[in-house]
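Just so you know, the sequences run in chain order F and R. Take the first sequence: its letter number 89 is residue 89 in our numbering, and every next letter is one higher. Take the second sequence: its letter number 46 is residue 1046 in our numbering, and every next letter is one higher.
Keep in mind that the hints are not guaranteed to be accurate.
For lysine-lysine, the following BS3-like pairs were computed, each having C-alpha atoms within a straight-line distance of at most 27 Å [unchecked claim]:
| hint | chain 1 | residue 1 | chain 2 | residue 2 |
| --- | --- | --- | --- | --- |
| 1 | R | Lys1053 | R | Lys1036 |
| 2 | R | Lys1053 | F | Lys56 |
| 3 | R | Lys1038 | F | Lys67 |
| 4 | R | Lys1040 | R | Lys1053 |
| 5 | R | Lys1018 | F | Lys103 |
| 6 | F | Lys70 | F | Lys56 |
| 7 | R | Lys1019 | R | Lys1038 |
| 8 | F | Lys68 | R | Lys1036 |
Covered by chain R, per the in silico footprint, the following chain F stretches (three or more residues, Cβ under 8 Å) [unchecked claim]:
| hint | stretch |
| --- | --- |
| 9 | 57–64 |
| 10 | 87–95 |
| 11 | 100–108 |
Derived by calculation from the structure, the hints in this document are not laboratory data. Yeah, the Cβ is synthetic: ideal placement off N, Cα and C, and Gly gets one too.
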Amino acid sequence: GEDVEQSLFLSVREGDSSVINCTYTDSSSTYLYWYKQEPGAGLQLLTYIFSNMDMKQDQRLTVLLNKKDKHLSLRIADTQTGDSAIYFCAETPYGNNRLAFGKGNQVVVIP
Amino acid sequence: DTEVTQTPKHLVMGMTNKKSLKCEQHMGHRAMYWYKQKAKKPPELMFVYSYEKLSINESVPSRFSPECPNSSLLNLHLHALQPEDSALYLCASSQDLVLGETQYFGPGTRLLVL
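Can you make the complete structure from the sequences, with help from the hints?
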């Protein structure tokens, strides 16, 4: 199956770290993505990780992948007010570039 | 340039109207996608075009009719829509349908059907 589970809401103070989690069920997914959606906007690709990696760091973003538990997380360091958005994880369970999205996690940054 | 543009930004239409949504990219991408997104929900795939041919139709009602007139343009023709079709319609493109090619999304068209 390609069900992707995400928790729904996270409130974090500006300057703190925030961690968003995602659980996926299809172990054949080769690429896993994090997208950001600000209010009224389209989706912006933040980062992705290939399934043979455990971790990927990109400036303030750290992606951790636990293939055994099918668990993906996104850590945002030094969270800023501009990070307030909905974050979607997505996987590629179909063997092509078609995406299966998680339900999304709303992050609210408190100044 | 990694921009996907969509017009119009907002659209209000009655159930008897015919309208079209437009999407354009100039990245040389050969795969283009239409998604429907309801509030607080993830995007749902509607159609995928690959090399200007319809590759995936996710059992979308015929009142939605996609068209890919050339490699840079993707249209979605709307006719006899229902109020429950009100949503954000997102267009995306990628180099092709090969696994791992990044999908770039447009800002969407927010549609309200009265």
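Structure-based check of all given hints:
no.	hint	result
1	Lys1053/R x Lys1036/R	20 Å, holds
2	Lys1053/R x Lys56/F	36 Å, violated
3	Lys1038/R x Lys67/F	30 Å, violated
4	Lys1040/R x Lys1053/R	31 Å, violated
5	Lys1018/R x Lys103/F	32 Å, violated
6	Lys70/F x Lys56/F	16 Å, holds
7	Lys1019/R x Lys1038/R	19 Å, holds
8	Lys68/F x Lys1036/R	32 Å, violated
9	57–64	violated (count 0)
10	87–95	holds (count 3)
11	100–108	holds (count 5)
Going through the hint list in order, the structure does not satisfy hints 2, 3, 4, 5, 8 and 9.
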